[in-house]
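There are 2 protein chains.
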Amino acid sequence: MEWPALIELAPQVFPRDVIERAKELSREIGSVGAYSHSQGVPFIRQSVAKFIEERDGFPSDPSHIFLTAGASAGVSLLINALITSPKSGILIPIPQYPLYTASLAQHQGLPIPYYLDESKGWSTSVSSIEAALEEAHKEGIAPKGLVIINPGNPTGAVLDEETQEKLVHLYEVYQDNLHRRDSLPFTSFKKVVSKLQSHVPLVSFHSISKGVSGECGRRGGYFECTNFSDDVVALLYKMVSVTLCPPLTGQIGVNCMVRPPKLGEESYELWKKETDTIHASLASRTQTMAERLNSLPGVSCVDSPGALYLFPQISISKKAREAAQAVGQHPDEIGFGQKEGEWHYRLTCLCPV
Amino acid sequence: MEWPALIELAPQVFPRDVIERAKELSREIGSVGAYSHSQGVPFIRQSVAKFIEERDGFPSDPSHIFLTAGASAGVSLLINALITSPKSGILIPIPQYPLYTASLAQHQGLPIPYYLDESKGWSTSVSSIEAALEEAHKEGIAPKGLVIINPGNPTGAVLDEETQEKLVHLYEVYQDNLHRRDSLPFTSFKKVVSKLQSHVPLVSFHSISKGVSGECGRRGGYFECTNFSDDVVALLYKMVSVTLCPPLTGQIGVNCMVRPPKLGEESYELWKKETDTIHASLASRTQTMAERLNSLPGVSCVDSPGALYLFPQISISKKAREAAQAVGQHPDEIGFGQKEGEWHYRLTCLCPV
Numbered sequence: 001m002e003w004p005a006l007i008e009l010a011p012q013v014f015p016r017d018v019i020e021r022a023k024e025l026s027r028e029i030g031s032v033g034a035y036s037h038s039q040g041v042p043f044i045r046q047s048v049a050k051f052i053e054e055r056d057g058f059p060s061d062p063s064h065i066f067l068t069a070g071a072s073a074g075v076s077l078l079i080n081a082l083i084t085s086p087k088s089g090i091l092i093p094i095p096q097y098p099l100y101t102a103s104l105a106q107h108q109g110l111p112i113p114y115y116l117d118e119s120k121g122w123s124t125s126v127s128s129i130e131a132a133l134e135e136a137h138k139e140g141i142a143p144k145g146l147v148i149i150n151p152g153n154p155t156g157a158v159l160d161e162e163t164q165e166k167l168v169h170l171y172e173v174y175q176d177n178l179h180r181r182d183s184l185p186f187t188s189f190k191k192v193v194s195k196l197q198s199h200v201p202l203v204s205f206h207s208i209s210k211g212v213s214g215e216c217g218r219r220g221g222y223f224e225c226t227n228f229s230d231d232v233v234a235l236l237y238k239m240v241s242v243t244l245c246p247p248l249t250g251q252i253g254v255n256c257m258v259r260p261p262k263l264g265e266e267s268y269e270l271w272k273k274e275t276d277t278i279h280a281s282l283a284s285r286t287q288t289m290a291e292r293l294n295s296l297p298g299v300s301c302v303d304s305p306g307a308l309y310l311f312p313q314i315s316i317s318k319k320a321r322e323a324a325q326a327v328g329q330h331p332d333e334i335g336f337g338q339k340e341g342e343w344h345y346r347l348t349c350l351c352p353v
Numbered sequence: 001m002e003w004p005a006l007i008e009l010a011p012q013v014f015p016r017d018v019i020e021r022a023k024e025l026s027r028e029i030g031s032v033g034a035y036s037h038s039q040g041v042p043f044i045r046q047s048v049a050k051f052i053e054e055r056d057g058f059p060s061d062p063s064h065i066f067l068t069a070g071a072s073a074g075v076s077l078l079i080n081a082l083i084t085s086p087k088s089g090i091l092i093p094i095p096q097y098p099l100y101t102a103s104l105a106q107h108q109g110l111p112i113p114y115y116l117d118e119s120k121g122w123s124t125s126v127s128s129i130e131a132a133l134e135e136a137h138k139e140g141i142a143p144k145g146l147v148i149i150n151p152g153n154p155t156g157a158v159l160d161e162e163t164q165e166k167l168v169h170l171y172e173v174y175q176d177n178l179h180r181r182d183s184l185p186f187t188s189f190k191k192v193v194s195k196l197q198s199h200v201p202l203v204s205f206h207s208i209s210k211g212v213s214g215e216c217g218r219r220g221g222y223f224e225c226t227n228f229s230d231d232v233v234a235l236l237y238k239m240v241s242v243t244l245c246p247p248l249t250g251q252i253g254v255n256c257m258v259r260p261p262k263l264g265e266e267s268y269e270l271w272k273k274e275t276d277t278i279h280a281s282l283a284s285r286t287q288t289m290a291e292r293l294n295s296l297p298g299v300s301c302v303d304s305p306g307a308l309y310l311f312p313q314i315s316i317s318k319k320a321r322e323a324a325q326a327v328g329q330h331p332d333e334i335g336f337g338q339k340e341g342e343w344h345y346r347l348t349c350l351c352p353v
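Heads up: the protein sequence lines correspond to chains A and B, in order.
Residue 248 in UniProt numbering sits at position 248 of the first sequence, and the numbers go up by one each step.
Residue 21 in UniProt numbering sits at position 21 of the second sequence, and the numbers go up by one each step.
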């Protein structure tokens with residue numbers, strides 16, 4: 001038996017624009033079974049640059065974009081590059097997604113925790129970062145970068161542009177005093193930095209694991225370096241070359257994320273409907289959850305505009321804590337981190353309602 | 001327009017056993033768009049264990065198998081785990097595939113080079129490893145593991161079982177004197193170690209990037225830990241959890257590699273024909289290349305039974321070297337490494353002839 005080429009049957013299964021996209025990617029990539037450039041397929045990095053330019057209104061350089069096996073691989077790489085001594089530290093928000101503390105432990109770096117303000121919807125304040133920097137200075141820890149997770153994980157908080165500008169200015173002030181010139185903040189503030197014509201070195205991460213696509217098992221993501229010299233980019237390229245290239249199917253996922261179907265294309269309607277449904281469902285689900293949590297005794301919850309996560313606080317009575325302690329138990333020993341004497345847990349609000 | 005499910009058209013395109021395999025994997029995995037267990041899908045790890053058991057005739061524990069994004073990701077992880085101080089080193093063969101020196105540099109470890117013997121078909125000798133250990137001892141470098149690449153890269157040499165046994169015994173002798181008890185050799189000697197009932201801790205790597213499958217862009221591989229305590233495996237699990245899980249499509253590639261079609265299944269004949277053709281073509285191509293290289297003046301080449309690589313030596317006359325030096329040029333400044341005063345390059349002999 002001869003097996004007919006899959007492409008001949010494709011019109012029975014896929015919309016025309018999807019087939020055109022597949023043919024275009026096939027021409028540009030060759031085979032998903034072959035290595036690509038270690039920074040990722042050039043054509044896909046160009047798509048990412050175009051996506052960033054259209055989003056922010058500022059130029060983006062494909063040669064300073066790295067495709068990765070999910071955002072976590074990129075974060076781990078940058079932490080590896082930044083930690084140069086056992087007294088190197090990275091400013092991380094508390095509560096945080098544990099990836100940062102775990103990567104720091106793996107590369108012998110230290111976390112410099114700064115606290116998010118639950119009373120202001122888990123906002124990031126300049127003063128809490130300044131307090132953390134002072135603490136680090138006392139302990140002889142050199143801050144090598146500032147992590148800002150936006151929208152927040154696990155809090156779901158979204159930063160406003162005014163706060164983002166303040167944070168860029170803070171970094172500009174501090175980098176000359178406290179950071180080496182090659183220090184990098186781990187933020188996704190491309191537009192703010194460009195608008196302010198700031199020279200702050202910036203790495204912005206994005207991945208197909210979160211949001212509407214949610215294709216986490218394919219391991220696709222990217223990071224963009226802004227205000228980096230070519231020699232630092234060359235060093236990062238050398239580092240990523242060790243693992244040869246990111247998974248090709250993950251790279252294709254990135255291409256699909258940054259180039260969704262356009263109005264007029266055959267698959268547009270279905271894509272639009274699915275995307276809108278997911279957005280609406282996430283928003284209503286998060287809203288409902290926050291309302292119900294706030295109606296429970298001993299539970300309070302900041303309403304999250306970030307749509308995917310909630311981080312409710314649980315009050316635990318002194319009596320209950322003492323009873324627990326008596327049998328050697330403690331609430332929330334490990335996790336995202338929180339202020340002393342508070343207890344939270346993360347809720348991920350996925351579809352369907 | 002309603003899009004019919006791809007599975008309905010599959011019988012027009014794929015052999016029955018391929019469809020059955022896809023359905024089975026779909027049942028076991030759920031979706032390739034979702035995270036799997038950080039060590040890899042349990043069902044696929046069971047396939048790998050079965051493959052190893054059938055190959056070697058010794059038991060294999062799926063809970064001590066890690067699926068990875070290619071062998072390079074696994075090697076990098078283990079080097080990260082082994083290097084505990086700036087005076088930690090790993091024994092690596094020269095010539096070597098540059099992954100090892102690059103990973104060591106990234107994790108602040110030192111290479112302890114031992115030389116392969118070109119005059120004996122690039123064989124690995126106990127005495128060259130002993131010489132390297134002595135050198136390391138003089139320089140205060142603690143050997144934390146022994147890398148053996150089999151079949152060799154870039155040499156293509158294949159070790160005989162007698163040499164493998166000698167190497168296991170060497171490691172047994174040295175590990176108590178020179179290594180910490182948790183040191184790991186980077187080898188693929190599962191069968192030899194099992195047969196000798198040796199307690200040598202062993203990590204064996206395999207990937208879908210090389211050999212007949214050659215699906216390097218999908219990033220799939222695995223490593224198996226032999227003679228490891230559960231707490232060391234737990235530590236490795238913690239480390240791999242940082243990047244969440246290996247790419248699902250790469251994991252599926254591993255499943256296909258360790259469970260090829262069986263006689264009687266619809267796709268067996270095509271698979272067998274393709275595999276035999278690739279093997280025969282690689283062998284004849286390597287043979288032809290080695291013969292032609294050896295017929296050239298100033299070139300000599302060890303005939304490689306490893307089938308994929310050749311590593312010919314080029315003689316460069318003293319006059320030519322001096323002429324080069326006069327204009328500031330040196331032959332082979334960087335690459336796989338070689339003895340002082342020798343020059344080689346790697347040839348990869350891929351299909352078709």
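It is possible that some hints are incorrect.
Identical copies go unnamed one by one, so any copy, or any two together, can satisfy a pair.
Unchecked claim - Calculated lysine-lysine pairs in the DSS-like style (CA-CA distance at most 30 Å, straight line): (1) K238 x K191; (2) K87 x K238; (3) K273 x K87; (4) K138 x K191; (5) K138 x K319; (6) K166 x K238; (7) K273 x K23.
Quick caveat, the hints were computed from the structure, so don't treat them as lab data.
Model, not experiment: these values are computed from the prediction.
Hint by hint, here is what the structure shows:
Proximity of K238 to K191 under the C-alpha cut-off of 30 Å is restricted to the intra-copy arrangement: shortest distance 27 Å within a copy versus 36 Å between copies. Taking CA atoms no more than 30 Å apart as the test, K87 paired with K238 passes in both settings, with 25 Å inside one copy and 23 Å between copies. For a Cα distance limit of 30 Å, the shortest separation of K273 from K87 qualifies neither inside one copy, at 51 Å, nor across copies, at 59 Å. Taking the shortest alpha-carbon separations for K138 and K191, neither the intra-copy value of 34 Å nor the inter-copy value of 55 Å comes in at or below 30 Å.
For the identical chains of this complex, K138 and K319 are neighbours neither inside a copy (37 Å) nor across copies (63 Å), given an alpha-carbon limit of 30 Å. In this assembly of identical chains, the alpha carbons of K166 and K238 never lie at most 30 Å apart, being 34 Å within a copy and 37 Å across copies at closest. For the identical chains of this complex, K273 and K23 are neighbours both inside a copy (25 Å) and across copies (29 Å), given an alpha-carbon limit of 30 Å.
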